[in-house]
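Student: Read off the chains here:
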Amino acid sequence: MTRIFSRREMLLRCGTGIPFLGLASLCMEREAAASNPLTVRPAHFPARTKRVIFLFMSGGPSHVDLFDHKPALEKHNGQPLPFEKPTLERTKTGNLLASPWKFSRYGEGGVEISELLPHLSRQADDLCVIRSMVADNINHNGACLQMNTGEQAFSRPSLGSWLQYGLGSENQNLPGFVVISPAQPAQGAPLWSSSFLPAAYQGTLVQDLKRPISNLGNDRFSLVEQRAELDLLKSVNQLHALHRPTDTRLESRIESFELAFRMQTEAPEAFGLEQESAATQSLYGLDNPVTETFGRQCLMARRLVERGVRMVQVYHTATSKRTSCQLWDQHGSLREELPNNCLATDQPVAALLMDLKQRGLLDETLVIWGGEFGRTPTAEGTNGREHHPFGFSMWLAGGGVKGGHTHGQTDEFGWHAREKIVHVHDLHATILHLMGLDHKRLTYRYAGRDYRLTDVHGNVVQEILT
Amino acid sequence: MNQANLIQAKRLVILSCTFLWCSVVVRGDEAAQVEFFEQKIRPVLVEKCYACHSGTADDVEGKLWLDTKSGWMRGGQSGPAVVPGKPDASLLLHAIRGTEKNLAMPPDEKLSDSVIKDFETWILQGAIDPRVPDGTSGSPLQAQSLSSRERWVYSKPVKPELPPVEDGVWSKQPVDRFILAQLEKSGLSPAREATPEQLVRRLHFDLNGLPPTPEEVETFVQAAAQDRQQAVVALVDELLSRPAYGEKWGRYWLDCVRYADSLDARGFRSDGDITDAWRYRDWVVSAFNSDLPYRDFIRYQIAGDLLAQKQWNADLLVATSVYAIGTWGNGDSDKRKVHTDLVDDQVDVTTRVFLGLTLSCARCHDHKFDPLSTADYYAMAGFFFSSRILKKFNDPTAGEALMRIDLLSPEEQSRRDRLQSQLAEIDRKLKQGLTPLTRRIDMVAGKAELVSLAPEKANHPSATMNSGDVAQVFSTITLPGRAVCVHPSPNEAATIAWRSPVEGTITISALIEDIDGNCGDGVAWSLEDANQKLAADNLSNGSSSGQRTATTTVQRGELIRLVIAPRQDYYCDSTRVDLTIEHPDSGQTWNLTQTMLHPSSQPNPQDVSFIICAGEGTSLSGESPERPRLLARQQELKARLPEKKTCQGLQDGGIPGTPYEGFHDVPIHVRGSYNRLASIQPRGFPSIFHTPTPPLQGSGRLQLAEWIASTENPLTARVMVNRIWQHHFGKGIVATANNFGKLGTPPTHPELLDWLAVTFMERGWSIKEIHRLICTSAVYQQSSFVSSEALERDPDNLLFSHQSRRKLTAEELRDAMLAATKELDLTPGGLAVGELESPRRTLYLGAIRSDRTSYQLLFDGADPTSIVEQRNDSLVAPQALWLLNQSFVLKRAGQLAERLQSLSDLDRSEKLDFLSKLLFARNAQSAETSLVMRFLDENGESKSSWETICHILLCSNEFIFVD
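Protein chains in written order, with this note's numbering: chain A, 1 to 466; chain B, 1001 to 1963.
Hints may contain errors.
Unchecked claim - Across the chosen pairs, the derived CB separations fall in these ranges: (1) B/H1690 with A/E463: 51 to 61 angstroms; (2) A/K440 with B/P1828: 29 to 39 angstroms; (3) A/H243 with B/N1313: 49 to 59 angstroms.
Hint data in this document are derived by calculation from the structure and do not stem from the laboratory.
None of these values were measured; they are calculated from a predicted model.
Quick reminder that beta carbons are idealized off the backbone N, C-alpha and C, glycines included.
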């Protein structure tokens, strides 16, 4: 990949001597631009898509109730699973539990979707449903960490951080990786950490949907006063730099204050949902308390990708009734809580796909839907399902993936992924591939070895690409 | 490299060649073929074949082992799997080609054509396989020789002669000679000296992390004018003696060991949290301040618990906390994986931090670059599998609770035990006697007619009264109408006491009835006066005593008691009681049920002649004449009880309930997986060091500690002096402080590093001595203003031809703001504080591992989830936003303007001068003065304008950079 120039290289490129201060400061400016970690960098090969929106259903949505229709579950409802369960178990689950909901095929591609998702069903031909996902961890923390960083226990850079490291960001006045989550999912920030990559690649968390970014202004100075203040600061800093012409960091830091000032004006606009038409607001369900929260999150995501933010991750962690780090964790109350979650998210998610498409953005935006794992086809208690990483469903939509397509299968009970298995590492390799990055070449040297998002694993799932 | 090592290394090279000669026909370049095997063949064998065809598989399929060369040469049930040089004669190739149906392998997926092609090539070229029996190779030393740099890394440092230099004046310390010699060789001159103002600011920040006061600047500048070097020496000594030194340098150590105060805000200070971590932080600070010899600093951390067994010292236990504050994904269900991750964290911190080696890279496969094997990794892991930071693993649905270790000496512990048994005795005595049930519970089971009495802090013994006429049924009990029922507790009786208001003979009649016949085994009852049992019996489950009567003589105030005690089973002991007492002399009668159920007794049913109590005895507990004395004694003993202090640290012996309980060598985990175990590796040190393992005691950690903290260890001292150098110059002599291996950066001045390392050991591993050597040197005292010549010829300053201008650390920046306003609170130690607004030093601002939005991280503080050898150096807009808008900064600007306001006798240029000295350790320059004056002219010379100026200076480059 293209590297960030070292200071040394930059000086060489700009000519070596420092006799003319004008030239030196020109050099510094260029270097400041070149060393900006978010500068757009070319992909390894032509990208199929430019940006990612990852809709994360925190807690583990039940695949056998949403996308993986299993008639055998109905037939054998209440009977034991006819084969041995894996030794990796949290708690012992009981017998098979049929889905209480009906499935139908939708769109030209005939994608099977549960009746819990009527809005999404109308977008079926945009969806590429993967029914053969597997992950390695059976707990929320480890599984969320793996879905986001590839690793289950230790600190590693997240998908969004790798994307920024590889590609930079198209908008220098906004963070390149934004995480919208009203409540903390799993253990929180390690899921969007830059870990050992430069801190600039870390996800910026938007928790308070009303005040999305902190420190964007203060009560003491107006913008006009602040401009005057910044002008004086700039002069003071330039005097200081005059005697230290070779230290490019000084100029970088002056520039960081100018960028901060631009962000103060641009960021509120980017997050300002009130600028959307009433029709758009209602498309996302902002006029209905049930859909409002997730609708706001999805609409915010669209505004951000529209402005060039590289990756937006939208965690479903709050409904009108409650906030939770694991909303989709139906150990019990499956028949009540799963429909509630679907009600809160179905319309906003479908609206996001429709809206992106209308604006011509879906071609260059990859939308991903899923959680950290699925849920057991067997019952926990009478009305719940346990964690299940052995076979579950996710879907992709947008740039570069086949629409109206179903990939892979689980066994007849929805337990083990059986056909065209897609491991989390494969998903990651595929996402990077769609973004124009070779997951084997996107490396970072740290602590004695070259690290990758996919560690030593991962295969691009060619069959789902257009 | 010393002679013996050199010979040994040579011998190994020869051995490895012999090995290759014997085993295969050598064609072309063996090294390339070994590489080919490692790159293309071995990963496929491990990934696709080992599960069924290795020594670790449960039942090796077809008796074919593919994890050793001899395995495939011998072959399985169908004959040799590989015939070197003959692909078509090799069954393995037929299997992976899938040409024969019954043989097709792997069973569930065909390998890609390119992989099959690789196998063809490999076999055709002679099927070179460097693996030694195990499934993982032994030391890669057997396959490759050492580079000269590796020979340097793995040999003990020898103190070199000081190199000759032409300039006989410049050097102030021996270290300067090494730097100067290189500079002269390259035709470069050192930079000029930093000005005294620059130097005093640099020394204060570098050694104490705090700015000098204007008075300190003045004192130093004057002293330097007399004798600069003497002034430097004196200042360095002074700064090293201040407590702020340990807070500054201890923090660098904490960076290395992934220090945090808490794991996750959600479980803040819960059982799984590292709540005691602060004791380790305070220990590190005090170790730096007391200049604890570095070798002890290491020994205490690795084996403090074992050393404490010889001579007890709480600090020794606290020091081992370094292993308890690790990062290993607490909360996972897969406990065996958690166990291996936990140990991996401990191996990683031990080898990277103390030895500058990335041994963790060899967890799943031999190290790709360094001569470290999986065998070395598991030999090291054995020390930590034989130790524990947990008492046990919890259920799969729960996270782990870290073990809390009492920080009491054996003497304190036995004193505590003694005091506690005395306290227990007092407690027993205080509880002797009858304690009235005082807690009244209305609306029992939602029924207005049911009222219960219970002790203050327990549910039983209890009494329940039904004032209605109708029986009430709840749970398994039927409570008759208008009745009093009692229920003892497992270890205490329920007693109905009657205090006699009369003297003389009385007749008592009692009725006792077990009203819960569904379970339990009845109760034992007795009727007693002050001196004797009047009647007693066991009541079987569900039965009644019938009316029992007794006659006795009483004193006024004497207690008559009906005691209801549990038998073997204490549950379902609800017992209806009634008690009637007649005093024929006066003709008076008292009845329990009537009294307790009388409406007048409802507000406080205990304030009557009958008292229902917990326990047994002849008097009410509150009335014992001994009570005041016992209470006083209790107070006195409690005050003497040693305070309960704990740490979270390491103890000897593996985690109970796991296969590693006790002391064990552990098997190689093929690909790092506990499901694929290969041969057991005896605990020991990486083979590259050629140090035989001494006899191990217990886990062997003490022996590990002694080996690391030894003058014989080639890396330990070098790694530490390099860290100290790094923090004084912005980069180390080896730039990758945690990695002296092949992928690390080669040393720029290996002789200097060795000279420092040997000097460090000679001077008793004193860290402060190394600071003195460095900070008083000419190379340290250089200016950070770089000449164009130096920049051109040595742009990365590899030759240290000038000092590095550095940004304040997160801690220094915030501390400097608080120092400028004189708000800084220098109180040391204790639990971390949570509020950014706190005036404590930033070291004490808590770091929560799950929090990525902290002030410290924003300003490149150490990531508390990783081992940090060098902090990031970023200049990004969110930092500027924070400085421009955060109320912490605005408040400091306000405070600073306030301070300025109080200096009313200064004119405005003197005020700017004051600020300049305070924040930059120098006088204001005329260009700055005119800029600021113009601003004041335009905006008015109000306090608000000065506040803006203060804010700007706190945001300025000069404030945040140290020349």
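Student: Any of the earlier hints contradicted here, and which numbers?
Tutor: 2
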